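Chain A is already provided as a structure; the job is to place chain B on it using the hints.
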Amino acid sequence: SQQGEEDPQALSIQEGENATMNCSYKTSINNLQWYRQNSGRGLVHLILIRSNEREKHSGRLRVTLDTSKKSSSLLITASRAADTASYFCATPQYAGGTSYGKLTFGQGTILTVHP
Amino acid sequence: DTEVTQTPKHLVMGMTNKKSLKCEQHMGHRAMYWYKQKAKKPPELMFVYSYEKLSINESVPSRFSPECPNSSLLNLHLHALQPEDSALYLCASSQVGKETQYFGPGTRLLVL
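Here the protein sequences come in this chain order: A and B.
Each residue of the first sequence is one higher than the one before, starting from 20 at the first, in this note's numbering.
Each residue of the second sequence is one higher than the one before, starting from 332 at the first, in this note's numbering.
I should point out that these hints are in silico values taken from the structure, not numbers from a laboratory.
Remember, predicted model here, so these are calculated numbers, not experimental data.
Backbone N, C-alpha and C define an ideal beta-carbon position, used for all residues, glycine too.
Be a bit skeptical, because a hint or two may be false.
[Claimed, not checked] Sample of chain A residues with no beta-carbon within 10 Å of chain B, all distances over it, derived:
(1) E72
(2) R79
(3) K89
(4) S92
(5) A101
(6) D102
(7) V132
[As the list claims (entries may be wrong)] Lysine to any residue pairs mimicking SDA-like chemistry, simulated, CA-CA at most 20 Å apart:
(8) K121/A to Y433/B
(9) K371/B to P27/A
(10) K371/B to V63/A
(11) K121/A to M377/B
(12) K369/B to R60/A
(13) K340/B to V63/A
(14) K367/B to Q413/B
(15) K369/B to P436/B
(16) K75/A to T431/B
(17) K367/B to A104/A
(18) K121/A to P397/B
This is chain A alone, in the form it adopts within the complex:
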């Protein structure tokens, strides 16, 4: 089953506006990641926030994590047309002593930024 659920499913804004996407998850996590996917292409890692962090910034991106509510948000400030893409949160699960994360992705938010 999918670990993360995201909302909104789709978001349409004008260039220069801010875009906020939310992700909820069900089980305990070590970290949460956000990825971007341009139409029909591979995913690009944007940012990783660890369970002991509450907020993290990277350029125009701001990610928050609330482990008590099992939720995270991604804020893109001053959006550009080039930000048009699908955005996924992803959480790793570890099993059997493995040292890598089996990534489970949320359903994704489709962001459209109009010039």
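Frame of chain A, contents of chain B only:
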């Protein structure tokens, strides 16, 4: 080199064909992954290789056969696929013990 490459970009095959997808990375990553992604859905994990050994098979049908011939290469052999197997197939890699994965551009597969 921080790229994961995948070939071919597009593939059309009949249900009786045998084909292979190829993935390559030169970042020294020893964990490699295959994902399947249907339209407007998130990627779903299929297989994980760690140190060239299959670590996770997410109950994938045997018509999909992965292979990791060396630390840089990952193949996915396809045989007797069904039309519902049409999807974008993504390869990814990571350092073992690190959570960030690096994705290739994918192979868009159409099964007729």
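Consistency of the hints with the structure:
no.: 1; hint: E72; verdict: holds, 14 Å
no.: 2; hint: R79; verdict: holds, 20 Å
no.: 3; hint: K89; verdict: holds, 18 Å
no.: 4; hint: S92; verdict: holds, 18 Å
no.: 5; hint: A101; verdict: holds, 17 Å
no.: 6; hint: D102; verdict: holds, 18 Å
no.: 7; hint: V132; verdict: holds, 19 Å
no.: 8; hint: K121/A to Y433/B; verdict: holds, 13 Å
no.: 9; hint: K371/B to P27/A; verdict: holds, 14 Å
no.: 10; hint: K371/B to V63/A; verdict: holds, 17 Å
no.: 11; hint: K121/A to M377/B; verdict: holds, 10 Å
no.: 12; hint: K369/B to R60/A; verdict: holds, 12 Å
no.: 13; hint: K340/B to V63/A; verdict: holds, 17 Å
no.: 14; hint: K367/B to Q413/B; verdict: holds, 14 Å
no.: 15; hint: K369/B to P436/B; verdict: holds, 14 Å
no.: 16; hint: K75/A to T431/B; verdict: holds, 16 Å
no.: 17; hint: K367/B to A104/A; verdict: holds, 18 Å
no.: 18; hint: K121/A to P397/B; verdict: holds, 17 Å
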